[in-house]
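A.B. asks: Now for the letters of each chain:
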Amino acid sequence: MSFLMIVAVLAGVMFGIGALCAVYRIIRGPSILDRALAADVMLAIAICALGAEMAINRHTDTLPVLLVLAMFAIVGSISIARFMSKQDAS
Amino acid sequence: MNEILAGVLILLSAFLSMAAGIGILRFPDVLSRLHASTKPQILGVAAIVVAIWLLNPSWGVASTLILVLGFQMMTQPMTAHMIGRAAYRTEHVRADLLIADEIADAVDAASAAEAEASEAGESRPAE
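Chains A and B supply the protein sequences, listed in that same order. Going by the working numbering, the first residue of the first sequence is number 1, and it counts up by one from there. Going by the working numbering, the first residue of the second sequence is number 1, and it counts up by one from there.
Errors might be hidden in some of the hints.
Stated by the list, open to error - Now the in silico label distances, taken between C-beta atoms and shown as ranges: (1) A:I27 <-> B:D105: 31 to 41 angstroms; (2) A:G16 <-> B:P77: 23 to 33 angstroms; (3) B:Y88 <-> A:Y24: 21 to 31 angstroms; (4) A:M71 <-> B:A95: 29 to 39 angstroms; (5) B:V8 <-> A:T62: 14 to 24 angstroms; (6) B:L43 <-> A:I27: 23 to 33 angstroms; (7) B:A95 <-> A:D61: 43 to 53 angstroms; (8) B:S118 <-> A:I27: 42 to 52 angstroms.
Unchecked claim - Derived contacts from chain A toward chain B, CB cut-off under 10 angstroms, selection only: (9) S2; (10) L33; (11) V41; (12) L67; (13) G76.
In short, the hints are calculated from the structure, not lab data. Cβ atoms here follow ideal geometry from the backbone N, Cα and C, with glycine treated the same way.
If we strip away everything but chain A, and leave its shape as in the complex, we get:
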């Protein structure tokens, strides 16, 4: 078992824990801002996990996916935060 395989297993477990916590916060989040925040964290974890897979397997096929995710990460949470008013706070 090479060093990078051990890294892959450990990193997979840690990414999984982080993503599960974010999913729990998306489901339970008391306000819509918590949900937007947790969705942002999910997106960051997705970027990191795709990149880690790419680095470990030494290919660059998902590089455009990474670029698109980094460009459009802004849209969802900014639109939620911008057009949110006091009455739809839940």
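We have chain A; now place chain B onto it with these hints.
C.D. replies: Showing chain B alone in chain A's frame:
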């Protein structure tokens, strides 16, 4: 050598992702969750970008990776700022956890000025 360095960077990024997940699970309000969530968005992505470049060292990869990191660094602070602003305006901030609240003074001054202006507008004699 590059492999070990890249492995350490991947582990760092994975650890930051896990810490952010646990942080948004455990912290009490939106602003403190915001603090936890912004770690993997910049530092985790930066570590992963360096790791990818260490294992695929070519100029084509490097230019795309710089774009990825650049977009991430431009957009994530805006997102965090907007969410924090909306959280303050919709009163999702727990005031008892704040040590200093500098925006409260500004909000008070602005609403006082607004009230004064509307009062002056009402008391103006009708023509």
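A.B. asks: Tell me, in ascending order, the numbers of any earlier hints that this structure violates.
C.D. replies: Those not satisfied: there are none.
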